[in-house]
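There are 4 protein chains.
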Amino acid sequence: MTVAAKSGIKKVVLAYSGGLDTSVILKWLQVEYGCEVVTFTADLGQGEELEPAREKARLMGIPDEHIYIDDLREEFVRDFVFPMMRANARYEGDYLLGTSIARPLISKRLIEIAKETGADAVAHGATGKGNDQVRFELSAYALNPDIKIIAPWREWDLTSRTRLIEWAEQHQIPVPKDKRGESPFSTDANMLHTSSEGKVLEDPWEETPDYVYSRTVNPEDAPDTPEYINIDFVDGDGTALNGVEMSPATLLEALNELGRKHGIGRLDLVENRFVGMKSRGMYETPGGEIYARAHRGIEQITLDRGAAHLKDELMPRYAELIYNGFWFSPEREMLQAAIDLSQKNVTGTVRLKLYKGNANVVGRKSPFSLYSEKVVTFEDDAGAYDQKDAAGFIKLNALRLRLLGERK
Amino acid sequence: MTVAAKSGIKKVVLAYSGGLDTSVILKWLQVEYGCEVVTFTADLGQGEELEPAREKARLMGIPDEHIYIDDLREEFVRDFVFPMMRANARYEGDYLLGTSIARPLISKRLIEIAKETGADAVAHGATGKGNDQVRFELSAYALNPDIKIIAPWREWDLTSRTRLIEWAEQHQIPVPKDKRGESPFSTDANMLHTSSEGKVLEDPWEETPDYVYSRTVNPEDAPDTPEYINIDFVDGDGTALNGVEMSPATLLEALNELGRKHGIGRLDLVENRFVGMKSRGMYETPGGEIYARAHRGIEQITLDRGAAHLKDELMPRYAELIYNGFWFSPEREMLQAAIDLSQKNVTGTVRLKLYKGNANVVGRKSPFSLYSEKVVTFEDDAGAYDQKDAAGFIKLNALRLRLLGERK
Amino acid sequence: MTVAAKSGIKKVVLAYSGGLDTSVILKWLQVEYGCEVVTFTADLGQGEELEPAREKARLMGIPDEHIYIDDLREEFVRDFVFPMMRANARYEGDYLLGTSIARPLISKRLIEIAKETGADAVAHGATGKGNDQVRFELSAYALNPDIKIIAPWREWDLTSRTRLIEWAEQHQIPVPKDKRGESPFSTDANMLHTSSEGKVLEDPWEETPDYVYSRTVNPEDAPDTPEYINIDFVDGDGTALNGVEMSPATLLEALNELGRKHGIGRLDLVENRFVGMKSRGMYETPGGEIYARAHRGIEQITLDRGAAHLKDELMPRYAELIYNGFWFSPEREMLQAAIDLSQKNVTGTVRLKLYKGNANVVGRKSPFSLYSEKVVTFEDDAGAYDQKDAAGFIKLNALRLRLLGERK
Amino acid sequence: MTVAAKSGIKKVVLAYSGGLDTSVILKWLQVEYGCEVVTFTADLGQGEELEPAREKARLMGIPDEHIYIDDLREEFVRDFVFPMMRANARYEGDYLLGTSIARPLISKRLIEIAKETGADAVAHGATGKGNDQVRFELSAYALNPDIKIIAPWREWDLTSRTRLIEWAEQHQIPVPKDKRGESPFSTDANMLHTSSEGKVLEDPWEETPDYVYSRTVNPEDAPDTPEYINIDFVDGDGTALNGVEMSPATLLEALNELGRKHGIGRLDLVENRFVGMKSRGMYETPGGEIYARAHRGIEQITLDRGAAHLKDELMPRYAELIYNGFWFSPEREMLQAAIDLSQKNVTGTVRLKLYKGNANVVGRKSPFSLYSEKVVTFEDDAGAYDQKDAAGFIKLNALRLRLLGERK
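Protein chains in written order, with the working numbering: chain A, 1 to 408; chain B, 1 to 408; chain C, 1 to 408; chain D, 1 to 408.
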């Protein structure tokens, strides 16, 4: 009895990049599961040609109506990146979650396409050691609890590069020359970031070699002159760069270009994976880093303290949920509801100085500013604030501490 | 009836800098309260000569045994800055709490000196609009619930610069020429940082003028060549720079020098004060910024995920407590107990690259590292991790989401 | 110069109960502030006749158009009590916030009436030691930042019962015989609860005397036979009792009657006031206690674990915000948004057993139940759950602990 | 090749109750793994004779030196139950974690015995659907990362009662008459509680039948007269009942007797398991319920507000960690450190009234009380509290809300 018969899977939608690994998976699904394959290739702004994926799929016998290539760039930034940025989310203090936030969108489309094509399963090329398998699968199960999921890297025995390539050749899959050897590291890219990990990065004491970086110039090679930019926000989302209104994806793309030029957004991190191990990653998030700083800048003058501090306390949990793959969970949605409510009137303009790896907020203004020069001033405030009120404020805040002190 | 009679205060310990403002306060206490004054001047590494304070105090009739000038630098860094750094504390995402963390130490000494000299009150020169009054007074009350506190800025009517100077001249207090006009901004300094606020900084849209900075070179003027340094940690605290063991204060001083040179640790922030208003401040924390990043770096490989994430969730509250003046509170001490427990084995070496405002971790190693190349590797892991386990892990994590999905 | 002239207050809206204390306040405002007074008496289901308040106000010269008596019972339960119950809010583990939740509604009406009548101030009869002053005033300021607030208990010198009564008699305010002596305790009542504090309750070692209770029978005197009831919920709010649909206030009133009969909802508590002291209170929340338990009961089968645990973690903060008077704050609204989102499908029927002080959930059912007998069963589950998945689940959850264990 | 050969396991320590299920497991380990078995039977106060377990083990060929029967009652209460009670831990608002807290202690002894006897594996009788497997195994792995774990219920095919009994008879294991049929529910018991689940309890709408309860009388059958008791605490732990000093286990046992008599501590709950499903359980925690309420009672007067509120916010996470099996984790230990620090001076006496299912605190006193009658009194407080301070306190707390209000 074949696997297909055992599993009962008749049609599977594969997250297909067109690269060697997912091409092997495509063929392996055909051979081992004996089932129809639908390919789905997403344009998330990873900066690669996607049409070759169509050709390769055709070569492996996929009919045109089963080849999906979708431009998801606007949806990605508008419905995933921006909501996350409203939370000022950073995992473990630093990581802007560039890979994590793309996975639920891919799963969402996989499930939609499965419905459109009558497929009963989805498949992905993530390995059994990483977070991405979890993110793909939790999202898929949340959106369709009956879906079947195939994760070839956890099932097959092609566990070394050599065996994978042998298998590819046995099955007439073309293997590009530069894929024959081991890649010195592994990458993932989308409009928000590029991540690299593995191989040459595995010793966390060794500095990341410069050739690993692909999205940013080395700060040392960045311009010697700072560049000032203005970003406009409306209700918590970026809407314009230097006064020019832009769609979400267009804005992020423009910030990526600025970040690249000024060497902004490089991060070398040892992080804790959901599956229980530590890994060392290198991230480049040029536009995202600028955007994240700008967002905090506009919040500084438009967000009330109570809202701001609550957001700061909720953020680590929110970031953890995204990192762990729980985008489509009630608790992430609850936190999002709280965060989104706070973003009303997070509107105005932030000025940043970009210079050799730095993206610093140097000014912010807003028609909805809560900053009151009248109240805060060292000068005469015309009675806006009665300094004597502070005495009572302190006295009552101190009362419990004094009662404690008396006990000692 | 004089204020002294009303208040019943006989002797007061004044936090005395030797500057014009606290000199006026000294005299005003003598005149208005008719009480003995004890002066206390702390060396917190603010980089000023303190002996002139002694002379000025003598000139105003303070007997030598009532003039305290204490070097608190090691205590400051060892018992206040380092414990706070163990928490990775940043207020509102960015501020390293340089002013906030110094206040409880000053209050602690004020209360100790009050006990030594039999004083029944303490006095400080913080204004009624700021956070420092709260920090001074909450700490003082916590340590001595019966202490009386005099905050002249909330009491007197010398509310303009002109009146203050007139009063000073009427009472034979020398007014230096450069203090006659308005200072363009107000500063506070200690070994951890220098802060500036007010006047020219009051418009948050205007970039902070370069002349406001005093502790760091402009990144544009910093060396064109990066500098690499190693910092050693033992159980969560820094112990050595480039292999040379140093006391806490010596280490921080050395990092300050490095930070100054490379333009590291400048921060322009609009923050929320505990007293309810927003203010705009400029901070320079050169050594602190380097140290904070290094500490996170060593935690990356030595701290378990559960501990690390709990710390991240507790941090905003912890930082808020320090900012608001609750250092000597049960809840800060509880959080500290949790944090300190986590720091066992946060031991090892972090390598940083300093360059024009950037202080980036580029390597970390530890005899207690939890990073396992054996487990994480993309290569054959000799059975250290069974990728098939991930299937069950995902299945059970997904179960509740699937049950939810079925309901929809 | 009169206080009125100094304060500039021309017209004030007074939260007026018609009792002796607020009658004295009414007169005192007329005498001391020389301003017009508008009286506002709210029916929150406190179980008192309100028309006498109208008569008394008239006797003190308030024109009819300045006498407001409003039935707020439905608004109170629908817009304040029920939203709070969705959060399962209990302050310090026990207190159902019966007084706290009424204050913002009263303030809201005070501010609305101030607008309608062109008043520039509001006044209340809460003392300077309690929480209610804070709750009234924070709400009032949030809704109208320019409002002036008069809190006579913090201003006047009628600080003993004797002086208050003397002043009343001097100003021709009738003093009922039973108000001449000291009341043995002080109470507050509304549809959700009755609270008592002070005097005979001030020693927290002494048991609350039975005569203090007014809303519930002593459990020892309650029926010897249990009573079973069913409560229906739709999207988190109660809608029916024993199959009979009811409005929010009607439902709460019916539950109050049941709670009274069975001696449910008595609470003797020493709590921490926002103003910094501990106080001992006695609360009776008969219907609220039943409702609160029923709400948890329906959540047990309809709320996902992620949502439920997030709610439990947010609850203490949410309860604290209400207790401290921050109902009209961005952070309370943010938490409410999160909580409300979770309540979709918190729909179904809860069965409770009421018996001598106990209100225990004994059954719950829902068309949206997430409880799956198929999955959980000890019997054959027909493959709904693969026990082997648990092995991988445990293995990956254990991985970080094993790496830690290896270090030790 | 036998399983033993494959697994390489030579000796296994089995958590052995002496009942039918673990007797079958014992034999199955001998047959299927061909390895030596060491039995460990813990006395956790479950109220069963343990010597029969020794006889049964001998009958199955276990040598005396491989039969461990340990009285862990004092260690259980002192080192597990009491620390947990310091946190006021309740899972999902209600459950006192009676089963959860016993598992780490059993695992601790399993690992100790494995070390003493040179065993390379441990085994337990928990099923693959429940939480207990997770708790046993996470604890075991944390304490010995190299240990092997056998969970027969996840491995074997004896998945129906009939097959289990057949297998037992084939292997000469005596099957008591009353074990031949299906048990109507499944129980776990220790000194803290008895839990029951499954079968007749699987419909959450059906009331738990009275015959399921074994540790408490039905409140309807409890005495008609209330009983008052005093419990003393020292630094957060119970030390005496009605003035008689007792060890932890003796105290809990005495409270169990009182709880049984008065029908206290019954709980019918639908809870969320860590493995992702909801289950319905019935718990009886007679002494624990009394103790938990008493502990909150003594905290009311001895714990500062800051500490109390922080504890309340941390509690749900702490309870979740215990429920999920993470007792031996850094994050549980961090939370414990914070909680334990707060318990200094949680010392004094609590008075409770026990009556037909109710255990209500009616009085509390302490030499370290923070409750100040002098401050809180409605009477003249001799200046202990200045009501005018409240004005400033409110004004500054309101400031940010007013600035917000102005924006609207």
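In short, the hints are calculated from the structure, not lab data. Be careful, since some hints might not be right.
Because identical chains share one entry, a pair is satisfied inside a single copy or across any pair of copies.
With a straight-line cut-off of 30 Å between C-alpha atoms, the simulated DSS-like cross-links for lysine-lysine are [stated by the list, open to error]: (1) 365 <-> 10; (2) 344 <-> 108; (3) 177 <-> 353; (4) 261 <-> 344; (5) 374 <-> 10; (6) 179 <-> 365; (7) 199 <-> 27; (8) 108 <-> 353; (9) 148 <-> 108; (10) 388 <-> 374; (11) 108 <-> 261; (12) 11 <-> 199; (13) 148 <-> 408; (14) 344 <-> 388; (15) 115 <-> 353; (16) 179 <-> 199; (17) 408 <-> 261; (18) 374 <-> 199; (19) 11 <-> 148; (20) 27 <-> 261; (21) 179 <-> 27; (22) 115 <-> 179; (23) 261 <-> 11; (24) 408 <-> 11; (25) 27 <-> 353.
Fair warning: this is a prediction, and the values are worked out from it, not measured in the lab.
First find the shortest C-alpha distance between residue 108 and residue 353 inside one copy, then the shortest across copies, and answer within, between, both or neither for a cut-off of 30 Å.
neither (37 Å within a copy, 41 Å between copies)
Within, between, both or neither: how does the pair residue 177, residue 353 come out at a Cα-Cα threshold of 30 Å?
For residue 177 and residue 353, the Cα distance exceeds 30 Å both inside one copy (43 Å) and across copies (36 Å).
With identical chains treated as interchangeable, where does the CA-CA distance between residue 11 and residue 148 reach 30 Å or less: within a copy, between copies, both, or neither?
Classified as within; 10 Å inside a copy, 40 Å across copies.
Within a copy, between copies, both or neither: which one fits residue 408 and residue 261 at a CA-CA cutoff of 30 Å?
neither (60 Å within a copy, 41 Å between copies)
For residue 261 vs residue 11, is the C-alpha pair at or below 30 Å within one copy, between two copies, both, or neither?
neither (45 Å within a copy, 63 Å between copies)
Alpha-carbon proximity between residue 388 and residue 374, which holds within one copy, between copies, both or neither at 30 Å:
Both: 17 Å inside a chain and 26 Å across chains, each within 30 Å.
Classify it for me, residue 179 with residue 365: is the Cα-Cα distance of at most 30 Å met within a copy, between copies, both or neither?
Neither. Shortest intra-copy (51 Å) and inter-copy (32 Å) distances fail the 30 Å Cα cut-off.
At most 30 Å between C-alpha atoms: does residue 148 with residue 408 qualify within a copy, between copies, both, or neither?
between (64 Å within a copy, 18 Å between copies)
First find the shortest C-alpha distance between residue 344 and residue 108 inside one copy, then the shortest across copies, and answer within, between, both or neither for a cut-off of 30 Å.
both (28 Å within a copy, 22 Å between copies)
I want to check one pair: residue 179 and residue 199. Are their C-alpha atoms no more than 30 Å apart within a copy, between two copies, both, or neither?
For residue 179 and residue 199, the Cα distance is within 30 Å only inside one copy (15 Å; across copies 58 Å).
Are the CA atoms of residue 115 and residue 353 at most 30 Å apart within a copy, between copies, both, or neither?
neither (48 Å within a copy, 47 Å between copies)
Treating 30 Å as the Cα threshold, decide for residue 408 and residue 11: within, between, both or neither.
This pair counts as between: shortest inter-copy Cα distance 24 Å, intra-copy 73 Å.
When the structure is compared with the earlier hints, violations turn up for hints 1, 3, 4, 6, 8, 11, 12, 14, 15, 17, 20, 22, 23, 25 and for no others.
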